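J.: Listed below, chain by chain, are the residues.
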Amino acid sequence: MRRHLLSSTIVLVAGSLAPLSAQAPVTAKPAPAAKAWTMPRTPDGKPDLQGVYSNATTVPVARPAYLGAKEFYTDEADKVASAAAAPGRGGRGAAAAPARAAAAADPEGAGLAVHYDTSQFGLGGPTVKRAASLRTSIITGPEGRVPALTPEAAKAAADRRAFQQEHQWDSAQTRPIAERCITWGFEGPPMMPVGYNSTLQIVQGQGYVGIVQEMIHDTRVIPTDGRAHGPASIRPWMGDSVGHWEGDTLVVETVNFEPRTPFQQNPFSDAAKVTERFTRVDADTVQYQFTVDDAKTWVKPFSGEYNMVHIDGAVYEYACHEGNYGMANNLSGARATEKK
Amino acid sequence: MRNKLAVVLAGAGLMLAVAPIRAHHAFAAEFDEKRPLKLKGVVTRWELVNPHSWIHLDVKGADGKVTPWMVEGGSPNSLFRNGFTKESLPEGTEILVEGYQAKDGANRAVGANLTYAKDGKRLFMGGSAPGAGGDSK
Amino acid sequence: MQIQLGKAQGRLGNWLLVAMAGTALLSLSVIPSPAQAPYKAPKTKDGKPNLNGIWQAMNEANWDIRPHGASQGPVYSLGAAYSVPAGLGVVEGGEIPYKPEAAAKQKQNYTDRLKLDPEIKCYMGGVPRSTYMPYPFQIIQGASNIMIAYEFAGAVRVVNMGAPTKAPADSWMGWSNGKWEGDSLVIDVTSLNDQTWFDRAGNWHSDALHVVERYTPIGPDALQYEATIDDPKVFTRQWKISMPLYRRLEKNAQLLEYKCVEFSEEVLYGHLRKQPLKGDSK
Chain A
0 MRRHLLSSTI
10 VLVAGSLAPL
20 SAQAPVTAKP
30 APAAKAWTMP
40 RTPDGKPDLQ
50 GVYSNATTVP
60 VARPAYLGAK
70 EFYTDEADKV
80 ASAAAAPGRG
90 GRGAAAAPAR
100 AAAAADPEGA
110 GLAVHYDTSQ
120 FGLGGPTVKR
130 AASLRTSIIT
140 GPEGRVPALT
150 PEAAKAAADR
160 RAFQQEHQWD
170 SAQTRPIAER
180 CITWGFEGPP
190 MMPVGYNSTL
200 QIVQGQGYVG
210 IVQEMIHDTR
220 VIPTDGRAHG
230 PASIRPWMGD
240 SVGHWEGDTL
250 VVETVNFEPR
260 TPFQQNPFSD
270 AAKVTERFTR
280 VDADTVQYQF
290 TVDDAKTWVK
300 PFSGEYNMVH
310 IDGAVYEYAC
320 HEGNYGMANN
330 LSGARATEKK
Chain B
0 MRNKLAVVLA
10 GAGLMLAVAP
20 IRAHHAFAAE
30 FDEKRPLKLK
40 GVVTRWELVN
50 PHSWIHLDVK
60 GADGKVTPWM
70 VEGGSPNSLF
80 RNGFTKESLP
90 EGTEILVEGY
100 QAKDGANRAV
110 GANLTYAKDG
120 KRLFMGGSAP
130 GAGGDSK
Chain C
0 MQIQLGKAQG
10 RLGNWLLVAM
20 AGTALLSLSV
30 IPSPAQAPYK
40 APKTKDGKPN
50 LNGIWQAMNE
60 ANWDIRPHGA
70 SQGPVYSLGA
80 AYSVPAGLGV
90 VEGGEIPYKP
100 EAAAKQKQNY
110 TDRLKLDPEI
120 KCYMGGVPRS
130 TYMPYPFQII
140 QGASNIMIAY
150 EFAGAVRVVN
160 MGAPTKAPAD
170 SWMGWSNGKW
180 EGDSLVIDVT
190 SLNDQTWFDR
200 AGNWHSDALH
210 VVERYTPIGP
220 DALQYEATID
230 DPKVFTRQWK
240 ISMPLYRRLE
250 KNAQLLEYKC
260 VEFSEEVLYG
270 HLRKQPLKGD
280 SK
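Chains as they are written, first to last, in numbering that gives the first Met the number 0: chain A, 0 to 339; chain B, 0 to 136; chain C, 0 to 281.
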């Protein structure tokens, strides 16, 4: 039986950099809603998944090694205590909390000096709404991390790194896919939380589910009639998605990825298959589960889960390519540096 | 008390899930840590674009000559979600920029720290009161 | 009109009856124009006209929205494959009412179109151009929001069907508030930036552009699309474009991804390469 985390209670903690001891008390594990909730439905009787959502999260993709096989914290206090006691780079105890908080508040810069202060623009900071979660990682299971690469994929990754050392500033085409504004690497599928603007909108209409992901202005149009996939010669960056309903869960299968689509720092192969499951669990929350099966890239399939939570407002346009001054500026800077 | 208040998790003590998106933008190539600068200028245009917003300002030099600069900032989308609009940084506002200049020597910089000249308060979410403007919802 | 059979009896009366019946038959056989007998679209389960589907314009508007003859394209090596076919135009009245200095700018845009046309750079087409670029788009019709997904550059609009809201800033695809008027979907589009064109001929607008679109079913597989254009900085008056949109009827019709960024990188950044590319194509 699937365990799903009701996130009808989401915790408010005042202040972005308050020391741990001064935090307002946090509620323990989420409890079921006080009154019965019925699944809202679209006019054709299907579950209504529509809305604008945040899928931002503080749950890491991969479980920190020191947590071993622990898939869930027992409660918020356990989570806080674990973070404080984390060994290694995270720093020990409360003394490291400000550094971690600063890093958390500056998701893009991670303290790089030559950068704008992300907190000034509200990016990834305390005003972002996130579903409560006691998971220790988005990747589920006892390992809680993406499996090892196959030998071929590991070699390809090493070749890529070697190439980048020599050629990374040669042209736009040698820059990372995200820097080129082709795809951010988080749209998937599977759709992954992003460091900021982690927002998406779902619209349903007669046999289709449309999903707009703000980062980076990517749209998925998913038929829900379980039809056959398109020809294998057509390889979208976001793959070829077909959905069908299993009870009240939308199941989406995606194949035929463009074999450069990045996922967790590795491109999908042409054999990659992703399965997603969308289930509304309460008025504000849609549970999102995924499985990645790409035998050419990772030695075994792996799965993940998180909840997305309804937010007011809209998805705002993120016209990445149209505003990409950075590409020209970077290449210009590289050419100027070479001249010196 | 159970309620459906929309609430947020603070960043304190909790690392964000995803690795910093450094790959998206190689700052080391665009701006030069060996060229720190301070600019004081008057806003002529606020370009609310992605992946980075740009503040255009006229900077008057000691010789009285006015030079146009452009200063890189963050994605404006979170600002919108916090109630800021294109009216939130009007033309004519005087600001101070601490940042780093472009590697290719152009009149372009990244704004590591942006404040209002008149009261030293940080722009946008960095400490000044959020802008009122517009019904963003 | 009452027929007083009593008075019309007799041969004259019969002639009258036959003549009237004949006229009635004739008028029944005339195909009603949309103005006289509008097509009634089937409704969605929540009672709204059903605009769900994959649609596409079939005209030459993306080349030039005005009536125009055939002409040489801007890339000689592409010859007749990329020259301009004639088009009847989609501008009602045929003329775009530019202010004089704005008309001059259009001519300059045309001259420099290879450098300036945002389509070449894979920039989103904006509104209304995205509607009639030569690619399909899809309407996914929810009750409180209607999504319009375009193939070109993955552009998308989500039309708010509730109480109208305001945009915090300009964007390429604008901010869309929609409502129903009879069988027509009426969309008020504001906060468009000034970066898009109306076509490949350099017809342009400012950031004051305000578009009101109407999508009206005129048959089971066709919509009439009308867009009223307002831009007091550029035009002397309001003007309008109008065209049918046709349903893509292939059994497996679907929107295909056209992520064209990588096809525009040489144009945009080729001059910043470490080593120039040899030849005209990879």
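Quick caveat, the hints were computed from the structure, so don't treat them as lab data.
Accuracy of the hints is not assured; some may be wrong.
Between beta-carbon pairs, the in silico distance windows are [unchecked claim]:
#1 C:Ser241 x B:Lys59: 19 to 27 angstroms
#2 B:Lys59 x C:Lys165: 15 to 23 angstroms
#3 B:Asn106 x C:Lys114: 33 to 41 angstroms
#4 A:Lys154 x C:Glu249: 52 to 60 angstroms
#5 C:Ala69 x A:Pro230: 43 to 51 angstroms
#6 A:Lys299 x B:Thr66: 56 to 64 angstroms
#7 A:Arg334 x B:Lys39: 26 to 34 angstroms
#8 B:Val41 x C:Ala221: 35 to 43 angstroms
#9 B:Thr43 x A:Gly44: 24 to 32 angstroms
#10 C:Ala69 x A:Ala282: 36 to 44 angstroms
#11 C:Val185 x A:Tyr324: 51 to 59 angstroms
#12 C:Ala69 x B:Thr43: 18 to 26 angstroms
#13 C:Thr235 x A:Arg334: 30 to 38 angstroms
Small disclaimer: the values here were computed from a predicted structure and weren't measured.
We put the CB at the ideal spot given by N, CA and C, even for glycine.
J.: Taking each numbered hint in turn, which are not upheld by the structure, reported in ascending numerical order?
T.: 1, 2, 3, 4, 5, 8, 9, 10, 11, 12 and 13
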